[in-house]
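Peer 1: Listed here are the chains, written in short residue letters.
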Amino acid sequence: MIGLQIRGGTKVYPGTVALKSVDFDLHMGAVNVLVGENGAGKSTMMKVIAGVERLTEGTILLDGQPVSFHGTDDAAKHGVGIVFQELNLFPNMTVAENIFIARERLRGGIDIDSAAQRRETRALMQRLEQDIDPDTPVGELRVGQQQIVEIAKSLAQNARILILDEPTSALSAAEVEILFRVIADLKRAGVGIVYISHRLEELIRIGDHITVLRDGAITGARSMKGVDVAWIVRNMIGEASKDFAKEIEHPFGGEIFRAEDVCLPRIGGGLAVDHVSLSLREGEILGIYGLMGAGRSEFLECVIGKHPHSTGRFHIAGAPMAERSVAARIARGIALIPEDRKNDGLIQMLSIRENMSLSSLGDFTRLFDMNLGAERSRVRDFVKRLAIKIASPEHAVSSLSGGNQQKVVIGKALMTKPRVLLMDEPSRGIDIGAKAEVFRTMRKLAADGLGIIFVTSDLEEVLSLSDRIIVMSNGRITGEFDRHDATDTGLIAASAIGHTQREPAE
Amino acid sequence: MMSATAPRPIGSTNALLLILKLRTFIALIAVFAFFAFAAPNFLSAANFVIMSKHVALNAFLAIGMTFVIISGGIDLSVGSIVGLCGMVAGWLILYGVDLGMGWSIQFNTLEICLIVILVGIAVGAVNGLLITRLNVAPFIATLGVLYVARGSAMLSSDGRTFPNLNGNAEYGSDTFRMIGAGSFVGIPISIWMLIFVGVLAAYIANRTPLGRHIYAVGGNERGAALSGVKVGRTKMFVYMFSGFCAALVGLIVSSQLVASHPATGDTFELNAIAAAVLGGTSMNGGRGRILGTIVGAFVIGVLSDGLVMMGVSSFWQTVIKGLVIIAAVVIDQAQQKLQARVALQAQAALA
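Residue numbers (the numbering used here), protein chains in the order written: chain A, 1 to 506; chain B, 1001 to 1351.
Careful, some of the hints might be misleading.
[As the list claims (entries may be wrong)] Among the chain A residues that face chain B by a calculated CB cut under 7 Å, a handful are:
1. Val326
2. Pro338
3. Asn343
4. Asp344
5. Leu346
6. Ile347
7. Met349
8. Leu358
9. Ser359
10. Met370
11. Lys389
12. Ala391
13. Ser399
Read the hints as simulated data drawn from the structure, not as lab findings. Even glycine gets a Cβ: it sits at the ideal position worked out from N, Cα and C.
Extracted from the complex, chain A is given alone in its bound form:
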C-alpha cells in the first residue's frame, strides 16, 4: 500500500536545483530505503515531505489527496514525523520535556502535567528498551541516546510516516540492533518508514523498497529483492562517472608535513583523535576516509590549532612547528577549509572581498596601513583564477550559492600562500558542476607542489582524487592504502573496524 507520493517534485535553491522532477512512492508498513551521495537530494526530499521546505513545483499526495504542509507541526498533524541527522533537542531540558516540547500534556489547559509526561516517557523508553530516566537533562546523554530520544519524540506523536535521516551514524552496534527491532515493530503496526543511510549493508538488511538518488534525480527505485551493493553503487554513481579532473602526472617532492602522535581528548572521556601519525609529501593528495564521528575533522582542527588541549608534534618541511595559535600556524603555511562553511568558513555579514582577504590582511599592510587598492586587485585576481561567479566583490557573501561560497573559502585559504592545504569535505553541499571545478582546482594545486590532506565520506571521491588514502575509525588510523590497491570494499571494511568492536553498552 502506498501512503504518500511525490509527483513531479522540483526544488530550486538559489544557485542549485536540489530536486529535479522526482516521482517517489512511500510504502506503508515497510521500510523505504533512500540512498545517494552527499548532496544528491535525499535530505531535501525528506524535508519536503516533513514540511520543512516546500516544493518549487510538483505535488505531494497523502492517501491519494493532494496536501501542502505549512511546517513540521502541520506535517505532524497529518502523521508525518522526522528525525533529523542533526539533532533538534534542547540540552538544558529533561528527556520528558524534550519529548513533549510544544505539545505539553496539560491539566485544565494551563498547568503542565509533569507526572503524565514522565509516565508516557517511561513507557516509550521501555518500548525502545532504553534505561533512560525521564528527568535526565538531554545534555548529559550520549549522542546515541539522544538519537533514541529523538525517535521517541516522533513515536509520541503517533507518526504514521516516520523519516529517519542517518539514524545509526552515532549509535553503537547494540543500539543499532535495538533500533532495528523497534523499526520491525513499527512496520508491523503499519507505519511507513523512510530510512536514509550511507551504510549499504545495513540498507540491504533492513530495507523493503529502495530508491536511489543522484544529483537531484531518481536513478533507481525497486523492491529490495535481488538488490546487491553493486546495483546500488552503480545507480549512485552512474555510468558516466563524475567529472574528476584528469590526473596531472607529476613527481612528488620531499616530505612537506608530518604529524606525530596527535591526540585530542573527547568530552565525556576517551580520545576523539587517538595517536594519529601521518606524513605528506609535496604535490601529494592524501585522502582521509571514514564515517561520521571518526575523528577526521577533529584531526584537521588539531593541525590548524583550534584545540588548545590537543597533544602531539608537527613538522613542516622537516622543521618542527611549535606555534600553538591559528594565526601563527597559518603564517607557517597551513590553511584549513572547514567542513561547516556557514559557521566556520565564512563571516556571512561581510562582503566577498572582506571574507577572501581575512586571513592574509598582513600582505596588504605596511606597518598598520592597509592598501585597499592592492587588496581589491588581489581579490579580483583570485576570483578570476578560481572562476568564482559573482556580480560584485562588495556583495555579502551570503548571496552566493554553495559552490561559489566554497570557492570563496578556498580563495581565502590560497591567499595565505599555504604549503599544506587541509580540506574538510570540500564538496559538501555544492552542485555537481562546482564539485568538478573544486576537484580540478585541487589537482592543479597539487601539481604546483602543494600538499593536500582532504577529508571525505564519499567513496568515489576519495578513490579517484587521492594519491594515498588513510582510513580513520573511532579516532584511530585503521587502514592505509596506495591509490593503486585501494578498493571500495577495503575502505568500508577499514572504516568499520572500531565500530564492531565497541562495547555494546556503557
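Once you have looked at the hints, place chain B on chain A.
Peer 2: Quick look at chain B alone, frame taken from chain A:
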C-alpha cells in the same frame, strides 16, 4: 550593471536602497530644517558652538561604543568611567599624588591628561580581561565594572564635588581649563579632539587589519578564529578604546565645569548606545560605521537641544527620543532585507 536585464525593479530598488542607507543624514537634515523654522536663534553661531559641545560628549562615547558593539559586545561601564576619570583629574589638580612622606608630586596639564587617559584605558582593560580571560558575558562584566567604577568615584571624595579646578600656574596645571573652554580658529578644543578621534576611529575601522578583525569577530567569532584572527586581542582593544574615549569625556566635562562630581556620566552609556544604533550599528555585531554613529549622535543632540529651545517639556523630549530610536531600528531592518534581495537578484541575473 544588471539594468539591462531587469531595468525597472532593480533601478527603483537601488534608489530606495540609497535613501535608506543615507537615512541618518536625511534625518539630520530634516531635524535641522525643522528647528531652523520652529526655534528662534537656532541657526546662530553661538547656538552651534553650544550644541556641538553637547553633542561631542556623547559622540566620543558613541565612537568607542560602536567598536564594542561591532565586535559583538556591549560596554555599560562608560558612564561610570567618565565619572571616575573626572574625579582622578580633580584629585590630581587639587592634591597631586601624596606619597606619604610629607610631600606630594604635582603634575602639569599634559601629565594629568595622560594619567587620566591611562586610568580610562586600564578600566577598559579590566572589562576586556573579564570578557576574554574569564569568559564573563560582556553585559555582566561591564555592568559589574559600572558599579565598581561609580563606587570608587564616590569613595574618592566621599560623594563630594572637587571644586575650583583652576589649577596652579606653579605646577603648570592652570591650562587645564582650556580643554573645555579654549578654542582654536573659532572652534572649541573639544570639537578638535572629536574630529581627531573620529578620523582615527574611522581610519582604524576602514583601513587597518585591526578594524577588519573587529568586524570579523562580531560577524562570526568561530569563523574569525579559524581564519587566524586573534579574537582575544581584538576584544581587548575595543574595550580599551572605549575606556580611552570615556576618559576623554571625563577630562572635558571636569574642565568645562571647573569641578568634578562623582555622579557625572550617569546613564551616558545609554545615550551612546542610542547614537550607535541610530547610526546603523547592528546590536548583533559585525555591522556599523563610525561616521554613521557621529551623525547619529548629532541627530540625538540636535533634537534634544532644539526641543529645549522650542520650550517642549523634557518629559516629551524623552518620549520623542525613544520613538526616534525605535523608528531607526525598524527602518534598518527594512534596509537589510532590501539589501539582501538586491544582492540575490544580481547573483541570480548572473546565473
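Peer 1: It remains to establish, for every hint, whether it holds in the given structure.
Peer 2: Outcome of the hint check:
Look at Val326(A): its Cβ gets to within about 5 Å of chain B, closer than 7 Å, so that hint holds up. With 7 Å as the threshold, the beta carbon of Pro338(A) comes within range of chain B, its nearest partner Cβ sitting at about 6 Å, so the hint holds. For Asn343(A), the shortest C-beta to C-beta distance to chain B is roughly 6 Å, which falls under 7 Å, so the interface hint holds. Using the Cβ-Cβ criterion of 7 Å, the hint placing Asp344(A) at the interface with chain B is satisfied: the shortest such distance is roughly 5 Å.
Because the closest C-beta pair between Leu346(A) and chain B is about 6 Å apart, less than 7 Å, the hint holds. Because the beta carbon of Ile347(A) sits about 4 Å from the nearest beta carbon in chain B, less than 7 Å, this interface hint is met. Annotation: interface hint on Met349(A) holds; nearest CB of chain B at approximately 4 Å, less than 7 Å. Given hint, Leu358(A) at the interface with chain B, holds; its Cβ is 5 Å from that chain's nearest Cβ, closer than 7 Å.
A hinted interface residue such as Ser359(A) counts as satisfied when its beta carbon comes closer than 7 Å to some beta carbon of chain B; here the least separation is about 5 Å, so the hint holds. Using the Cβ-Cβ criterion of 7 Å, the hint placing Met370(A) at the interface with chain B is satisfied: the shortest such distance is roughly 5 Å. A least Cβ separation of about 6 Å between Lys389(A) and chain B falls short of the 7 Å threshold, and the interface hint therefore holds. Given hint, Ala391(A) at the interface with chain B, holds; its Cβ is 4 Å from that chain's nearest Cβ, closer than 7 Å.
Because the beta carbon of Ser399(A) sits about 4 Å from the nearest beta carbon in chain B, less than 7 Å, this interface hint is met.
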